[in-house]
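Listed below are the residues making up each chain.
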Amino acid sequence: MPEGDGRPGSARLIPRAVVMILGSALVGLAAHEAGFTRAQTLSSAIFILIVLATLCFWHFRLAIAFIGIAALLGTKALTLESFIASSELDIILFLVGMMVTVGVLKELGLFTWIIQMVIGMRRMTGPVFTVTVVFLSALLACMVDEVTSIVFMAALIFQVCDTLKIRPMPFLLISIMATNIGSSGTMLGNPVGILIGAKAGLTFIDFLESAFPIMVGSLCIALGVLVWWYRKEIKVLSERLEARRGMGLGLGPLVEVPYRRALAILVGMIALIASHHFLEDRLGVAKNTILIVAPLFIAGVLMIWRHERARHYIETEVEWWTLLFFMMLFAVAGTLEHTGVTAEVAASFTGFFGKDVGVLTPVIIFTTAVGSAFVDNVVFVAAFIPVVQNLVNELGDRTLWWALLFGACFGGNITMIGSTANIVALGMLEKRYRTQIHFVEWLKVGALVGLVTSAAAWAAIVLARWLFSW
Amino acid sequence: MSERTSPQTAGAAESGIDFASLFGPDEVLCHTGTTDRDTLLREILQLLAYQRGIGNVDEALAAVLERERAAATIVAPGIAVPHARLGAVDRLVVGIATSTRGIVFKPGSAPVKLVILVLAPRDAPGAYVQALSSLAKICGDPQTPDKVAGLESAQDVHRFFERGGMALPDHLCAADIMDRDMVTLQETATLQDAIDRFVRHDLIDLPVVDADGDLVGVVSAYELLRVCLPDYILWMEDLSPILNFEPFAEVLRNESSTWLAEIMSYEYATVSAQAPAVEVAKEMTKQRAREVYVLRGKRLVGTITLQDFLRVVLRE
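Read top to bottom, the protein sequences are chains E and A.
To convert, count from 1 in the first sequence and add 19; that's this note's numbering.
To convert, count from 1 in the second sequence and add 1440; that's this note's numbering.
Keep in mind that the hints are not guaranteed to be accurate.
[As the list claims (entries may be wrong)] Computed spacing ranges between beta-carbons, pair by pair:
1) E:G319 to A:D1636: 47 to 55 angstroms
2) E:Y452 to A:R1531: 44 to 52 angstroms
3) A:Y1662 to E:G319: 34 to 42 angstroms
4) E:P277 to A:Q1632: 30 to 38 angstroms
5) E:V255 to A:D1652: 22 to 30 angstroms
6) A:D1642 to E:Y452: 24 to 32 angstroms
7) E:R301 to A:R1693: 52 to 60 angstroms
8) A:D1530 to E:F458: 57 to 65 angstroms
9) E:E338 to A:G1653: 45 to 53 angstroms
10) A:S1712 to E:I333: 47 to 55 angstroms
11) E:H78 to A:H1641: 43 to 51 angstroms
12) E:Y452 to A:G1653: 21 to 29 angstroms
By construction, these hints were calculated from the structure, which means they are not laboratory data.
Built from N, CA and C at the ideal position, the CB exists for glycine as well.
Same shape as in the complex, but just chain E (with noise of 0.2 angstroms):
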């Protein structure tokens, strides 16, 4: 679990330290005895022991990343050639040109227009806020991607809530939870989206024709418990709001803000990512290349048009330790497909449940649910892939891709570390109220969102298989 509290004493660090061992050895075990390989089994506990580091060590997660990496390197359980290839550098590299472009972006007022747009609403009332904060979230996870998204939501909220005095944890947790539903709508929203489109080959279109739909249907449901669950809160907001219309006072500061420019950016980047398909068939090359391509392009040329900035998009705006974590991450599950673990897995898992779609759809839905619930979804992804690649592969449905999907965004909603969004946010708020949300206080709405949310997507798979023969 992430110590939000700052550095882990050493009092706390040794029991986990035993856990994460512990754990990582016993799966070790188990694996041998189940009769594993020698690699596979190294690859088992190493993957293990890295999981359960981001959820004992979050400050130390990769640091340990680095040196389970070396381990198997040095045990043989992976080669230098197949830990490049594993690494998912198409990925990375994508990761990084949207930071480079989303940082572009900030500086030339994007966002600040966007937050502008909603302070100075008029008329605006407790539902009103609450419905645009669910939307906009939703919406800017789509287009830009999860962690930026709740970033410049949380300032919006953080200024509305300061300005009228007001709690501000129960509207931060209403966009958190749409931030990480909307970042299942596009390819964009989440590594996980990437990460899914990449490995099974799927469209930006694809995204916008399959799970956009299933994300706005399961993000009014969402709004829908959300707006129940909170509604003295908005209330609340809805008084002060009117209060602080009646002395003649905004939500904050309005400028002229030079707009145009950026969003002409982010228009020209998404319209690109959206063409990848009709363009890679155009100029005959493989499959999602523009889509991978095409942030590192844009990126390159903002960087030439701001060139004096350049090394600062690059050194700053770049997460590069959650990028490297991800790189480390996807070469370990890599390691567990090379060595057949996943295949293992897979074959354990129709064993179990069967070849039946419509059974491994929400097993699928809900095992991803619960799973990304307590390990961040890329994680659980990462390690996840390969299974559902090769119930793909055997089954010939990709239905299961998009079970994986949500299973994935939607069940980071359950717990406080359930996705990135959530772990930043929450950062946010304890450095600006030095105040921590309580983990049951999060579960008790969060599972409920979560579950809902999941149940609906299920309900839409099932729907759109009958209607549209997925």
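Chain E is already provided as a structure; the job is to place chain A on it using the hints.
Same frame as chain E, but now just chain A:
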């Protein structure tokens, strides 16, 4: 805010060391005819050098005058407590002079009739304030200067201090080093009042109190800037939309009707008036605060800035 020259009220347990034990009748110049401050200080120091051994008199005088130049040490009408910290003394040394004619300590101020010179060891932070604290009772009585100046002999002067029951506190309290002369805002004040006070008093933080004088928050000039330039405006690299302080315009338009709460912070450092003064340093360090608010119950009774703390504890 005033220079700290007013006597302090001791808030801590007494040490049992009587102020009168710090000097004897031989260290009292009774009914001095000298009216010049520097000459009188030299006379007292020469007396102390003879009686106690305080090292070089010229160096001691230079140290006392340097402190005097920083701010006159008139602690109450008619009473001055000049002081210095010297490497040559290893405990508090006190010399006293009385004058019926009065000594000009500070041009434009009423003449001083009772001079209490305190010399403290160089490595005794706060020793002077401890001594001053024990004098709070007599300094608070406006009759004291005339009463002491009228005493016939050095023995009588010493007896006056002996009978006064003045004891040095065991340690300094927050109340001993706080500034009571503080600028505050009522909670009903507006943003306009706050900005006026920031500018008029050259302050960046202002405590806000309710009708009972209880501390309810602190408004800060930094918060004012934050309100005018929220995060979403700071994201922009291009400052052209705000080159003419556009975000400040709305604040100025509404300053007379804006709640003070807009720039109120509820995170600030406080200590109890009775807390040891070192607690002030602890709070400042822990909370990275430049100012600590001293409370008696919930009532705001004083403030201690970092500069005050350094000056009073490490330099006085």
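* To do: Output the numbers, in ascending order, of every earlier hint that fails for this structure.
  => Those not satisfied: there are none.
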